[in-house]
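There are 2 protein chains.
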Amino acid sequence: MCSRPEPPEPLRRVAVVGGTHGNEMSGVCLARYWLRAPGELQRPSFSAVPVLANPAATAACRRYVDCDLNRAFTSAFLTARAHPDDPYEVTRARELNQLLGPKASGQAFDFVLDLHNTTASMGTCLVAESSHDVFAMHLCHHLQLQSPELPCRVFLYQLPGEESYSVHSVAKSGLGLELGPQPQGVLRADLLARMRALVAAALDFIQLFNQGTAFPAFEMEAYRKVSSVDFPRTETGDLAGTVHPQLQTQGQLASR
Amino acid sequence: MCSRPEPPEPLRRVAVVGGTHGNEMSGVCLARYWLRAPGELQRPSFSAVPVLANPAATAACRRYVDCDLNRAFTSAFLTARAHPDDPYEVTRARELNQLLGPKASGQAFDFVLDLHNTTASMGTCLVAESSHDVFAMHLCHHLQLQSPELPCRVFLYQLPGEESYSVHSVAKSGLGLELGPQPQGVLRADLLARMRALVAAALDFIQLFNQGTAFPAFEMEAYRKVSSVDFPRTETGDLAGTVHPQLQTQGQLASR
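Chains as they are written, first to last, in my numbering: chain D, 1 to 256; chain P, 257 to 512.
Rather than coming from a laboratory, the hints here were simulated on the basis of the structure.
These numbers were taken from a predicted model, which means no experiment stands behind them.
Among the hints, erroneous ones may be present.
Stated by the list, open to error - Here are the simulated distance ranges between beta carbons: (1) Met220/D x Arg292/P: 46 to 54 Å; (2) Ala449/P x Ala82/D: 45 to 53 Å; (3) Tyr223/D x Pro300/P: 23 to 31 Å.
Note that CB positions come from ideal geometry on N, CA and C, so glycine has one too.
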């Protein structure tokens with residue numbers, strides 16, 4: 001991997017997005033906090049903008065109102081003519097595309113950090129579009145070096161030939177932070193503190209990059225989706241099985 | 257406490273209710289299972305009826321659609337003239353009152369067991385209306401004796417002078433089972449197995465009672481609500497504090 005991440009220009013337009021899913025509370029609470037007190041997002045060379053991505057879902061404490069906002073940033077949704085019957089999240093994706101994009105344009109934000117939680121015991125997961133986002137890969141490596149004692153895995157979400165669809169795909173570069181386990185609608189202080197520290201470290205990395213710091217080449221392990229495995233289900237679609245009690249939460253415990 | 261619980265007659269009409277809150281998955285999944293395979297709810301002297309209390313909230317995997325069903329069983333809601341604009345849960349409360357009640361009538365079910373989860377680390381909590389429900393108190397004592405190694409606390413929810421409002425208040429006697437911690441919308445196998453065992457033990461107790469078994473007098477510890485303590489909040493109502501990370505989940509760990 002190259003020793004200095006692209007793009008060559010300093011990053012000035014940076015956003016930190018919470019509440020893309022309205023019941024993932026680390027990002028919801030941090031975005032609300034930074035909207036009142038944005039000083040924590042300032043660095044000498046830039047000031048990151050806090051964004052509450054899905055206010056309606058956040059108010060309802062639901063993942064989304066009509067459809068998943070984090071799947072709505074496709075060209076089909078973003079370029080279609082607006083209609084009063086459009087799903088709320090499609091309308092909101094267009095608004096965010098105006099604010100942070102337009103996607104794939106020179107006017108798009110330089111970097112978007114998108115904050116998520118999961119009920120899965122996966123610790124910290126860094127979700128990038130693909131390894132072609134070299135800046136995001138260097139940021140992932142930097143974050144892993146900050147807390148080597150914690151599991152911090154890199155997941156590359158884009159499948160071959162698939163169009164990007166996430167909030168952070170609107171920007172020139174971006175990364176999702178996925179922290180778990182945390183129940184939906186519940187705020188755990190440990191994950192809140194971890195998310196806050198990760199965001200601070202990411203902004204510090206951008207500051208280092210803007211100062212002209214050189215970052216050495218590296219190799220890193222990353223995960224891709226191989227397949228989806230659903231729970232066993234009945235003919236009517238109800239659950240017919242659960243995670244075995246001896247395995248539940250063990251992913252987290254084993255790796256810590 | 258009297259050595260033989262009231263009422264003096266055998267209990268024939270018994271219901272086990274899940275999904276009163278649509279995202280508390282132990283009861284949702286058990287009710288769905290028993291609706292397909294009710295044999296597990298049969299005892300020699302009676303067959304308990306499985307009920308999915310809030311199908312719309314269960315389908316949406318939400319606590320409720322319009323208002324909390326488990327607060328809707330008041331005489332004001334149950335006796336008001338039906339109106340097309342009534343909240344879904346008020347309409348549903350009237351339907352359940354027809355099925356399991358009418359509340360405070362001789363036709364009401366003998367016993368209703370209502371299955372809940374909480375995200376709080378409280379282990380097993382048995383929620384009764386008041387200590388005046390002597391049958392429920394004897395059942396609580398029986399359940400505590402079944403698994404003395406597990407925390408199994410009794411909570412009396414009714415405040416002095418307050419009208420009962422829960423699903424199980426429709427029956428002549430009833431009890432809520434509240435198991436945690438479990439994230440909303442998530443099914444943990446350990447809590448599912450615990451809930452299933454508690455229901456089986458409760459039905460076994462009713463069978464023993466119906467056979468004429470005498471139950472010795474006892475004393476028991478029970479909890480009442482003293483006051484509500486909200487999280488600290490900002491002027492706009494947002495959270496301004498969380499449970500301390502060193503305290504989170506410790507309630508459960510300390511008592512196990």
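Right, here's what the structure says about each hint:
1. Met220/D x Arg292/P: 46 to 54 Å: holds (48 Å)
2. Ala449/P x Ala82/D: 45 to 53 Å: holds (50 Å)
3. Tyr223/D x Pro300/P: 23 to 31 Å: At 55 Å between Cβs, range violated.
In this structure, only the earlier hint numbered 3 is contradicted, and the remaining ones agree with it.
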